[in-house]
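Going down the list, the protein sequences come from chains A and B.
If you use my numbering, the first sequence corresponds to residues 1 to 277, in order.
If you use my numbering, the second sequence corresponds to residues 1 to 277, in order.
Hint data in this document are derived by calculation from the structure and do not stem from the laboratory.
Incorrect hints may have been included.
[What the hints assert, rightly or not] Quick list of the computed label-pair ranges, beta carbon to beta carbon:
#  : chain 1 : residue 1 : chain 2 : residue 2 : range
1  : B       : H19       : A       : K196      : 29 to 35 Å
2  : A       : N248      : B       : E133      : 27 to 33 Å
3  : B       : H225      : A       : D162      : 47 to 53 Å
4  : A       : T6        : B       : W95       : 54 to 60 Å
5  : B       : D224      : A       : G184      : 54 to 60 Å
6  : A       : A39       : B       : S5        : 36 to 42 Å
7  : A       : A39       : B       : A269      : 23 to 29 Å
8  : A       : T6        : B       : H19       : 47 to 53 Å
9  : B       : D224      : A       : R41       : 29 to 35 Å
10 : B       : S139      : A       : R163      : 52 to 58 Å
Note that CB positions come from ideal geometry on N, CA and C, so glycine has one too.
Protein chains: 2
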Amino acid sequence: MKTISTAKSHGGIQGVYSHHSTANNCEMTFAVFVPPQAAERPCPVLWYLSGLTCNHSNVMDKGEYRAAAAEHGVIIVCPDTSPRGDDVADDPDDWQFGTGAGFYLDASEEPYAENYNMYSYVTKELPEIIASEFNADMSKQGIFGHSMGGHGALTIALKNPDRYTSVSAFAPIAEPSKADWSVGALEKYLGNDQSKWREYDTCSLLEDGHNLPEILVDQGAKDDHLVRLAPEALKAACEKAGVALTLNMREGYDHSYFFVSSFMASQIAWHGARLNG
Amino acid sequence: MKTISTAKSHGGIQGVYSHHSTANNCEMTFAVFVPPQAAERPCPVLWYLSGLTCNHSNVMDKGEYRAAAAEHGVIIVCPDTSPRGDDVADDPDDWQFGTGAGFYLDASEEPYAENYNMYSYVTKELPEIIASEFNADMSKQGIFGHSMGGHGALTIALKNPDRYTSVSAFAPIAEPSKADWSVGALEKYLGNDQSKWREYDTCSLLEDGHNLPEILVDQGAKDDHLVRLAPEALKAACEKAGVALTLNMREGYDHSYFFVSSFMASQIAWHGARLNG
Chain A
1 MKTISTAKSH
11 GGIQGVYSHH
21 STANNCEMTF
31 AVFVPPQAAE
41 RPCPVLWYLS
51 GLTCNHSNVM
61 DKGEYRAAAA
71 EHGVIIVCPD
81 TSPRGDDVAD
91 DPDDWQFGTG
101 AGFYLDASEE
111 PYAENYNMYS
121 YVTKELPEII
131 ASEFNADMSK
141 QGIFGHSMGG
151 HGALTIALKN
161 PDRYTSVSAF
171 APIAEPSKAD
181 WSVGALEKYL
191 GNDQSKWREY
201 DTCSLLEDGH
211 NLPEILVDQG
221 AKDDHLVRLA
231 PEALKAACEK
241 AGVALTLNMR
251 EGYDHSYFFV
261 SSFMASQIAW
271 HGARLNG
Chain B
1 MKTISTAKSH
11 GGIQGVYSHH
21 STANNCEMTF
31 AVFVPPQAAE
41 RPCPVLWYLS
51 GLTCNHSNVM
61 DKGEYRAAAA
71 EHGVIIVCPD
81 TSPRGDDVAD
91 DPDDWQFGTG
101 AGFYLDASEE
111 PYAENYNMYS
121 YVTKELPEII
131 ASEFNADMSK
141 QGIFGHSMGG
151 HGALTIALKN
161 PDRYTSVSAF
171 APIAEPSKAD
181 WSVGALEKYL
191 GNDQSKWREY
201 DTCSLLEDGH
211 NLPEILVDQG
221 AKDDHLVRLA
231 PEALKAACEK
241 AGVALTLNMR
251 EGYDHSYFFV
261 SSFMASQIAW
271 HGARLNG
């Protein structure tokens, strides 16, 4: 692991690091905020997964998570959203696919299978680095994210319910196998057999018997992407599966970080209560 | 005034606006956060002046001011740091002069006098727009800023002590007429006669009899620019002038927005107590 930068902030340390990823076959950059409590004891780890077009830095700059993370003593890990580099297959004209749009899956199709393995990266490779390089209590992990990252957080938690104590999302893409901005990517990464898409789709996973005790979601009521995000489908699927979903429709809020940052402190407090409880 | 964008955030509205500035002879962009309280009553105005290389958006993205502004019911106005545009004289290779480096003064030298009038812009032209376009109580104004913007806040307040109820700064350039990163700009904007620089230099203004009841400053103790910022000179000048300076040296903090955002809420609370008192 290489240290790109560190700066003291809100009593803790905001760092940016990079390493060669074997899952993605490229150099990957990620951000970690270590709260002041980590000087004295291992701290819980809260994973934040970002949305389309983002890398590790968007939420680091605009997410306003450090004050709450320092208050609740949680480490915040912010991975990139895809592999990157000259050797990584990409379609630079499509913001919904390729670089910045890894959709937190393991691709099966060529030429993407070699690099696009964000599911393995976020669930296996990066946790090992966090465990070895930071004062982290890996028995206490939570996960959340925004938009495509909300999709990542929910699908990853549904498939690894024993790993994550707490799960939430901001405006998650709840049903990517039916939404116009994700169908093209799923087809390229996973092929035409739509039965294989189900393990990367929150509503399908809930239908197929995966489960979580509770999920917290904040959703802007004025979000331009409301139809594609499908909060109503998420609500119906959670009801059917018996998942306690708290879906806060936030009047007047859009899809941007102006929305995310507004509810960051309350989501972190929610995770903190469960991770420190 | 043209509206470029608005978004709900922390219960208020974060907007970006532009207009043709007569002071600067160019189109100017600025950001305004209007707290929820402005729906019911005129709110105090807190001016935030940004540092070298910044425009209106750096603090809007990274400053973490909206939660505290909404809590204390203050409007935050974030002007740009200089005139901009193809017709504006500039030296694009010098980050300490020209675009992004207006130093909150009125230039007297050609070719800069036509556009570089940020002092008049911030103290006269933009306040008229804020007064007419927003639900602002212009009898209650505070001013603060970072680095070059801290210099702007202190010098502007010292020359207009009746206008601003509260004054603070993050890592201000306290003595620009003696610091290597500002002397060149002062020379180009104001000419060689250094007696004219004194009205744009906090320490000189204090020496020359300008005064304020109190000033709050947060300064990173690990700031790479500590010598150029001259907090010790500020301390000495305030002591001599009888100004109650609270100078918080913040252990381990640098010059970045990771530092600024860490003490944003406490500075806004300080202004809020005075503006709402």
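Tested hints:
1. B:H19 to A:K196: 29 to 35 Å: Check failed, 54 Å falls outside 29 to 35 Å.
2. A:N248 to B:E133: 27 to 33 Å: holds, 32 Å
3. B:H225 to A:D162: 47 to 53 Å: This hint holds: roughly 49 Å between Cβ atoms.
4. A:T6 to B:W95: 54 to 60 Å: violated, 23 Å
5. B:D224 to A:G184: 54 to 60 Å: violated, 46 Å
6. A:A39 to B:S5: 36 to 42 Å: Hint holds: Cβ distance 41 Å, inside 36 to 42 Å.
7. A:A39 to B:A269: 23 to 29 Å: Between A:A39 and B:A269, where Cβ atoms are some 26 Å apart, the hint holds.
8. A:T6 to B:H19: 47 to 53 Å: For A:T6 and B:H19 the Cβ distance comes to about 40 Å; the hint is violated.
9. B:D224 to A:R41: 29 to 35 Å: holds, 32 Å
10. B:S139 to A:R163: 52 to 58 Å: holds, 56 Å
Figure legend: structure checked against the earlier numbered hints; hints not met, in rising order: 1, 4, 5, 8.
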